[in-house]
Structures are given as structure tokens and as C-alpha cells.
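Starting from the known structure of chain A, fit chain B onto it as the hints suggest.
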Amino acid sequence: MTAPENVKAWFAEQKWKPLAFQLQCWQAYAKGKSGFVNAPTGSGKTYALWGGIIQQALDHPPKKGLQALWITPLKALAVEIQQATQRMSTTFDPNWKVDLRTGDTSASHRSKQRQKPNFGLVTTPESLHLLLGSKDHQKYFANLRCIIIDEWHELMGSKRGVQVELALAYLKSFLPQLQVWGISATIGNLDLAQEILLGSEVHQAVRIVSERKKNIKVKSLVPKNMERFPWRGHLGLHLLPEVVKVVRRSRSTLVFTNTRAQCEIWFQRLLDAHPDWAGQMAMHHGSMNKETRLWVEEALRNDALKLVVCTSSLDLGVDFSPVESCIQVGSPKGVGRFLQRAGRSGHQPGASSTIYFLPTHAMELIEALALQTAIQKNSIEDRIPYLNSYDVLLQFLMTLAVGDGFVPQQLFPIIQRTFCYQTLTPETWQWCLNFIRQGSQSLENYDEYKKITVDDSGRYRVANRSIAMRHRMTIGTIVSDADLLVKYQKGGFIGTIEEWFVAKLVPGDVFTFGGKNLELIKIQNNQVLVKKSKAKKAKIPAWMGGRMSFSAHLSELLRETFYQLEATESKEKQALEPVLEQQKKQSILPKTDELLIETFPSREGYHAVFYPFEGYAIHMAMASIVSYRLSLLSPTSFSLAYNDYGFELLSDTPIDLQGLLDNELLSPQDVIPDLRTGINISEMARRKFRDIAVIGGLVFQGTPSQPIKSKHLQSSSQLFFEVFKDYEPDNLLYQQALDETFEHDMEQGRLLQAFVRMNKQQIRWIETHQPTPFSFPLITDRLRGKMSSESVEDRIRKMYLQLEKDGSS
Amino acid sequence: MTLKIVQQTFELLPQGAVYWQEQKALLLADVHLGKVSHFRKNGYAIPAQIQFSFYQKMEQLLTAHNVEKIFFLGDLFHSDRNAEWDRFVAWNQSLSQQTILVKGNHDILPTKVLEQSGLFVVTEWMEKNILLTHHPTDRSGSFNFSGHIHPGVRLQGAGRQRLKVPCFFHQPNQMILPAFGDFTGLHLLQPKAGDRVYALTGEAVVEIKIVA
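Same order as they appear, the protein sequences are chains A and B.
Heads up: the first sequence at position 78 corresponds to 78 in the numbering used here, and the numbers run straight through without jumps.
In the numbering used here, each number is its position in the second sequence, counted from 1, plus 1000.
Hint data in this document are derived by calculation from the structure and do not stem from the laboratory.
Check each hint, because a few of them may be wrong.
Straight-line alpha carbon distances no greater than 27 Å define the calculated DSS-like cross-link-like pairs of lysine-lysine that follow [stated by the list, open to error]: (1) A:798 - B:1004; (2) A:333 - A:688; (3) A:135 - B:1004; (4) B:1024 - B:1069; (5) A:688 - B:1164; (6) A:516 - A:245; (7) A:532 - A:290; (8) B:1057 - A:725; (9) A:306 - A:537; (10) A:798 - B:1164.
Derived contacts from chain B toward chain A, CB cut-off under 7 Å, selection only [claimed, not checked]: (11) 1040; (12) 1041; (13) 1043; (14) 1050; (15) 1090; (16) 1157; (17) 1158; (18) 1161; (19) 1191; (20) 1194; (21) 1201; (22) 1203; (23) 1206; (24) 1208; (25) 1209; (26) 1210.
To be clear about the criterion: a stretch of chain A counts as covered by chain B if any three or more of its residues have a C-beta under 8 Å from a C-beta of chain B, and this derived list gives those stretches [as the list claims (entries may be wrong)]: (27) 602–615; (28) 634–645; (29) 693–700; (30) 726–740; (31) 792–804.
The model shown is predicted, which means the values in this text are computed figures rather than measured ones.
Each residue gets a CB set at the ideal place from its N, CA and C atoms; glycine is no exception.
Looking at chain A on its own, in the form it has when it is part of the complex (with noise of 0.2 Å):
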């Protein structure tokens, strides 16, 4: 068989007829042009960029070497994309052929795309970072003529969208003719996207949108005849029956969870209902192994499972055609993760896509009508990008310094040109440069610190090969506990596990992992050795996972969606019925113009419950702040809760709910100043620095099969938080995770508008005396923060210890 003549030709041959937008990308491409695709997953978007690419290489015959390089988020994607593009460029060319580099791409193997590289490679923007760490890459990269970050929506709003605008930035500094693509999906500040990933050619660059629009559908699954629905909860297994129904009546479902933890319970209470779909089920998350994993989504492309229980490790791309129905449990958090799991179903050209929402408690009925609302309109939130993250910018440097070195009169005006960085000044880089090469900012004679030399020309190295290895594992922005390898005693490896949860077990102890139920026998150099158990009970392992928040698109919707409760009708509104009548006789349903505020007291001590509706993160400040000013008014501690829908004080003398009311504490001004000066920052902060610390490379974590080896250098993160608010609280990298706690998290702004409208509202305070249906999730809620104003004396003084329980272990 001869090779088709043109692109064009080939796509005939497949008896497909090119979409406008692909002909437009074409075209642009063969201009020389940079663009942003604006396409949803399963509208053809690869075969957009690959035609421009090969029609390209057909009309000017390629020199040897790497001519186009694409970049996506997650490594499932990255086999369907060399697939589908090796496909398309060997028929015109066997030497065509296209590379794929991921975490999971043994050594060797990389090796021989390294000494011979192919027409294409497929990679995720770790290793692309590993690629640039390496010797000789500028030769490596020479004739690269295209880079394409696809899902780009899905990087931007992460550090890793940071890594690959520093990639970007200097790959083009030594191949400025370098064509860059990105794809990405719907999202709120489309233009800002394409200007981070385009940068200065933004002007020249063309916009390319795929017409083709999914028809979307959203159904609640609510039963009909429910006594009550329940007030908290988070599996929503009472749904199981309803679940069941939808997997019955559609060729394959994908259930999505949102931790892990969901992901095992749920796949085993399925199986345990319908023993008969055993052979066509399946569970898929993040911390199976890759085997698994892969055979998984085989088998869902071809049609050969009716049911798989996933988390967001399959939230992205990857068509599975056969995917009739998906069913969300519990919130998604957002409406754009929404869409992207509603979009896994249906893709059959044409098709219409229905997801299910499965509501695990009363108020996510609520979430259920907002969220309709938001697919209607099609309102998508904003992904907000990460502005001076010295973390990744540290790591970048020694990522260049392992490799080829760098010299930083260079280095700095390429860095400056990304989004991230633009507002970079001598003075922070200087500090960035002093801290790889001495570790602080002053140079003592007596110290000894070793990571970077600086030779004669000025070029920044790193000589030690212990630190040069290690830096190479620890390439990346994200960062999990740490994680132990799971295997069985005779051999063969199952996944990892966190080790905080393998803590809990002793030997003899029973757990679910990978919908198996191993019996635990010992851990040992890192290992968790296991048997298959017969048992039939079982502890699940719960993943911790970050908690999300709702995003303030959500929250609006969510917020406009309560007001008007009342006056819908609805079958979620039926449901929820009980509870609102409930609410109404033990307090009330406010309005749009009312703050409620409920106080009781419990055991536990005085709680004073906050409804705002602002969702979790601005909630957290709030908590913060409002402590914070009552703690003026006399010395006391405060436990902090808080969710999507407000936040609770919990404190164990009566709470001056009076004062708070009497001296104006909701009040909109020096609520930035307070945030900053209440002693809960830090607080809140912790969790921030221990990533930013594994990522900045203050702290060695290790991996699963490479823990670390020299005891002598064992710490942990929470000791480094520590030391650095004693001892150098001007550390850049300490003050990034006050920033980022800020910025990111709580975003001022909106924490200003927040107290803005609160102080408008008119303040309904109820004295209960139990907990309402509202206020009941969140006095439950173990995850707390604290705000004290008591010398840490006083408090001990009142604090006790527990005896530990006899026979425990």
C-alpha cells in the first residue's frame, strides 16, 4: 500500500471528513503560526495540531532528530495520544514513529530515546523538566520545530501549569522559531490561558475554536419514597439501590468518587449487592499499579466492563466510547471537574452525555440544583495561576544545574518572560541564587553547606553526584504523603498505600486495597507484605487527600440557589422537605438579606455556628478572623470547623456573641490586616509549606523504592516549619506559604466582597439548644484549626491527658 499524498488524503481513507476547526488548525500551522485550540475532549483536537504537524513534515522533509513534542497532564492520556498519532504518521512515513516518556518509562528505554530520538514524543511536564535536567539536551532538542500542551485548563490553575511555562520560556530562548500549541478545554478566563501559555506572541498567535457543543444532561438520583435524608455523611451508600438501577440499564458506567477511600467502599459494597457482575467491574485510582490501571482502561475501550469505580484519575481525557451513564458521588466541588467527568460519557459523535449526581447528604441537594443551573448556562469558574512560586523557580534552577548549568545573567531575563515570573526582581533572584548556592543569605566562614558550585565562567553546577541523583527523583510539584509499597509476601506488587494509614495496622489486621482483602503480615524497608485474607471484614484504608473547596463561581450559584429554595419545585427540593422543616422548627431558613448565626451549648463546650454560603476556603479565613477579634475582647481558645455552606467556633467558656454584635466584629474593615495578624495563620500555612518545602527542595521525602537511606538526614517538614518561624521568618520559601495561603486559597478579594455583603445582611441570631440539620455537619467535623489568645500556660493548665486503654496496641 502506498502512503496517502496529503493529510487530507488520509483523513479520506479513514472515511472521515475533516471539522472546519481542524482545517483552521491546519492551516494556521502550516503558517508558521503559535495558536490556542478551545476544544473539549473528543472533538478530533489530535489529530488538529498532529495533521498540521505531518503535513508539515511532508511539504518540508524533516531534518534527524525530535521534531514535535507533546505535553499532557496525566500519563493514561499520554498512551492514547502516541497511539493515535504514531498511527496517523507511520502511514505516511515508517520512520515516523513517536516516543512515549513518562514516570513509568524504564530507564533503558529512555536511555534509547535519548541516543535516538523519533519523529515525536509524547511526555508529561515531570519529565519534559528531567529531559532539560539532562546533559547535551540543547542538542538533543536542536530541530524541534513544535511543542503542544494539551489539557492545558487542567495545568494551568497547578504548579505544574508553572512548570511548563518556565519549560516553554527556555526552550524558546534557544529555538525561537519553536511553534507553540495549547488546547484547552472551556474555562472562565480563556484569554488569560492562552496569554500565559502564548506570552509575548499572544498578539500574532490565532484562536481556534471547535464548534461542536456536548449536550449535557444532569440528574439527580433521589428516591422517591426517603423517610429522611441523611444530615452528614460523605459515602451515600443509602443510594446504592438507585446506583444500581442506572448500571443496569446502560451498556458501561463509570462511577466517580472523590477520594480513595469512597473509591474502595463503594466498589465493594457493589460487588457485595451484585456478586454476578464480578468478572465485569472494576476500581481505578492513583494508587493502584500501573498494570491494573492500564488493563482497566483496555478494557473500557473495548467495551469489556459495565462498571468501573474511579476517583479523578479518571477524570481527564481519555475516550472511552462505550461509556454510556456516569454517576458523580457526592460534590464535585466544582462545575468545570463536573463537566469534564459528564463528558467521559457519550462520546460517540452526536451522543448526549448524562450524569448522574448522587447527593450524600441533605445539603448537597441543594449543590445539585446549583449545579444544573451552572450547565444550563454553561458558566465555567476561572483557573487562577500561581504568581511567584519561588518553590518551583529553586527547584528549576537545580533542575538546569544538574544538567548543563546555567549562568544567571541569562537565565534571568528568560525566566522574567514568563506569567509566573514577570514581576521577578534582582533583589528575589539574588535571594533564590544565594539560597541553592550557600543556603541562607549571608556567607559565614564557619559553614559548611554543599549544593551548587560556581565555576570559572559563572556557570552554576552542581558537582556532588548524591545530590545531583537526588534532585533527579524529586522533580515534580506533587506532593503526597509518603507512600509505602504494598506486595506480597511471595512476591509481585499490588500499589502503595500511605504510610499514616499502614501505621494503624498491626500484623493480623485486614484491609481492603484494590478491592482485595489482604491480611497484613509485616512492614519492613518500606514494604507492606501481605497475604490474601479470607476475612470477611475488613478496615478500608482513607486516604487523606486534600479537602476542596468550592470554587467562588460555585458558591454564588449555590448562594442564589438557597435564597430561592423556597419558591422552587423540584425533586430535590421534595427531598430535602424534612430537613428544611426541621431546620424551621429548631431555627430558620434565612433570606438573601439575612446572616443566620445559631449558638447552643453541647458537651463539647459553646458553639456558634456562621452560615455565609461563601464556600470552604473563605469560610476558613472568616473562622479566623472572627476569632481572632472576640479573642480581643477577653483571653480564650478557639476550635475552628468549617465546610461550603459556613463555619462554627467552638470554644470552652460561652461564647460573647453580644459583644461580637455590640463592637461591629463582622465589620468589612482591616479584615486583611486582622487575617494576617490572627495567630491561625500559621496554623494554616503548615500544610501549604510542606509541599512547597518537598518542592523548593528544602525537604528529602524519598520514594517508594527509594526510601531514604541515611537516618542522619531524616526530618520532616513540620520540624522545618518550625525552625524557620523561630529562626528565619524572612525565608522567601516560609513567606511563600503565608502567600499562598492568602492568595490562593482565600483570595482577598473575594474575602473582602464576603465581609462586605455579611455586614449588609441583617443578623438573625438564634439560641438553640441542640444542633440544627445545618449546623450538624459541621460540629462533627473532625478536621479543625485553632485560635487562641490564653497564654500557652493557661491553656495546659486546663488540658488533660488520657490514660492509654489497657491491652491496646
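Structure of chain B alone, referenced to chain A:
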């Protein structure tokens, strides 16, 4: 906080040390000197100033109490030889007090090197039925002071108050000292019946109420 133990008088000090009145001796455990430099030498940018907090605290203690002997209950030096060791040697040689090191698992410098600094090096020390060791040791007829554990407790209070603090952990026949060094971390313990816990608040030593 002053305690009478086997007819001897011990003062638990807020810095985390113990003053033994009859012997005019200061006991402290797990200083982990050298750890900061060891980390820095390996490319971890820990604030270099931490290394000086030991000397500041020692000066306070030696001014406030009449000390003739200083007992380090192990893990004095957390590294092989580095610049911090030289600073310690200079300090040690300038002291008028006798310094005794009960060797711990992190003290990997050769005994000869340790002794050259002026330290008297032992594996344990027994005096007036008081046994000083690095690892907690249960020996009949004696009361044991030790380190190694870096004890801490998680306190709770009304209104879901929680607080993690370092402490002296007092068991029927022994007292585990908190880590004296600043870059050391905590190991949380839970008391059994008969145990007593004295928490360090920064300013004071406070005995904690233990409930069943």
C-alpha cells in the same frame, strides 16, 4: 517544679534540663549538635543560626544554677566531625564545670575524639542509686534518668482543644528527659496508670492532669 526521688532533690527546668541539687549537676539529653551542619553539608538549607541556641540556653542555665557537673544523656553530637564540633570543643574547654557524656546511638564520633574535647565518656553512670543512661533502662534498686525518646504528649481540653508539647515523662522507676536540642522533633507518648507527665510550656514546667 521540684521532685524528691530516692532521697535526692531534682528540679525540672523549663529549658528541658534537670538540676540535681545534692550533686550540683545538670542533666540534659539529646542535644543533637552538629545536625544542622550535617544537613547543610548535604544540601538542605536549614537556618544556620539554630546551632547557637544550645549555647544561649546553656548560658542561662549555668548563670541561674550552681553547677559543677554537666551530664549529657546521649546523642550529644549528631554527625561525623564538622565545624560545629570544633565550636563545641572550644566551648567545652572554656568551661570550669566537668562534662560527662553518656554515649548515645547518634554519638558516632570515636570515643578518643570525644575525649580529646575534654568530655568524660561513659556508657552509663550510677551515683546515689541514680542511674544515668541514654536509652530508658529498668534496673531494680535504682532510679533511671534517660533520653533517646524525645517525649511529647498531645493534650486535650474542653471545646476540642488540642496541643502538642514536649515533656518530662515520669514512670515509676524512671524519668525520660525531653530533647534539649532545637532541631529534633517529638515522639508522642501516652501515659499508663502510675505515670506522671510534666509539660514544657516554654516559660514553665507544668504537671498535666491524667484522666482515665
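Evaluated hints:
For the given pair, residue 798 of chain A sits about 25 Å from residue 1004 of chain B by alpha-carbon distance, which is consistent with the 27 Å threshold. Of the pairs offered as hints, the one joining residue 333 of chain A and residue 688 of chain A holds, with about 20 Å between alpha carbons and a cut-off of 27 Å not exceeded. For the hint linking residue 135 of chain A to residue 1004 of chain B, the alpha-carbon distance of about 67 Å lies beyond 27 Å, and the restraint is violated. About 7 Å separates the Cα atoms of residue 1024 of chain B and residue 1069 of chain B, which keeps this hinted pair within 27 Å; it holds.
A C-alpha spacing of about 20 Å is found between residue 688 of chain A and residue 1164 of chain B, which places the hinted pair at or below 27 Å, so the restraint holds. At most 27 Å may separate the alpha-carbon atoms for a hinted pair to count; residue 516 of chain A and residue 245 of chain A meet this at roughly 25 Å. Annotation: proposed proximity of residue 532 of chain A to residue 290 of chain A holds, straight-line Cα distance about 20 Å (limit 27 Å). Of the pairs offered as hints, the one joining residue 1057 of chain B and residue 725 of chain A holds, with about 19 Å between alpha carbons and a cut-off of 27 Å not exceeded.
Restraint check for residue 306 of chain A and residue 537 of chain A: the C-alpha separation of about 26 Å stays at or below 27 Å, so the hint holds. Taking the CA atoms of residue 798 of chain A and residue 1164 of chain B, the gap is about 14 Å. The hint holds against a cut of 27 Å. Checking residue 1040 of chain B against chain A: minimum C-beta separation of about 4 Å stays under 7 Å; hint holds. Because the smallest distance between the Cβ of residue 1041 of chain B and any Cβ of chain A comes to about 5 Å, under 7 Å, the interface hint for this residue holds.
Below 7 Å, beta-carbon pairs count as interface contacts, and residue 1043 of chain B has one with chain A at about 4 Å; its hint therefore holds. The interface hint given for residue 1050 of chain B is met, as the beta carbon of that residue sits about 6 Å from the closest beta carbon of chain A, less than 7 Å. The beta carbon of residue 1090 of chain B is not positioned within 7 Å of any beta carbon in chain A (closest approach about 11 Å), and the interface hint is therefore violated. Using the Cβ-Cβ criterion of 7 Å, the hint placing residue 1157 of chain B at the interface with chain A is satisfied: the shortest such distance is roughly 4 Å.
The closest approach between the C-beta of residue 1158 of chain B and any C-beta of chain A is roughly 4 Å, which is under the 7 Å cut-off, so the hint is satisfied. With a least beta-carbon distance of about 6 Å to chain A, the hint placing residue 1161 of chain B at the interface is held under the 7 Å criterion. Given hint, residue 1191 of chain B at the interface with chain A, holds; its Cβ is 6 Å from that chain's nearest Cβ, closer than 7 Å. Violation of the interface hint for residue 1194 of chain B is found here, the shortest Cβ-Cβ separation to chain A being roughly 10 Å, above the 7 Å cut-off.
With its C-beta approaching chain A no nearer than about 5 Å, residue 1201 of chain B sits inside the 7 Å limit, and its interface hint holds. For the restraint placing residue 1203 of chain B at the interface with chain A, the shortest Cβ-Cβ distance is roughly 6 Å, inside the 7 Å limit, so the hint holds. Restraint check, residue 1206 of chain B versus chain A: the minimum CB separation of about 5 Å is within 7 Å; hint holds. The closest approach between the C-beta of residue 1208 of chain B and any C-beta of chain A is roughly 5 Å, which is under the 7 Å cut-off, so the hint is satisfied.
The interface hint given for residue 1209 of chain B holds, since its Cβ lies 4 Å from the closest Cβ of chain A, which is under the 7 Å cut-off. The beta carbon of residue 1210 of chain B comes within 5 Å of a beta carbon in chain A, closer than 7 Å, and the hint placing it at the interface holds. A count of 3 residues in the segment 602–615 of chain A with a Cβ less than 8 Å from any Cβ of chain B is obtained; the coverage claim is therefore met, three being the minimum. Counting residues of the segment 634–645 of chain A whose CB lies closer than 8 Å to any CB of chain B gives 3, which reaches the minimum of 3, so the coverage claim holds.
Check result for the segment 693–700 of chain A against chain B: holds, 4 residues qualifying (beta carbon to beta carbon below 8 Å, three or more required). With 4 residues bearing a CB less than 8 Å from a CB of chain B, the segment 726–740 of chain A meets the requirement of three and the coverage assertion stands. For the segment 792–804 of chain A, the stated coverage by chain B is satisfied: 12 residues place a CB nearer than 8 Å to a CB of that chain, which reaches the threshold of 3.
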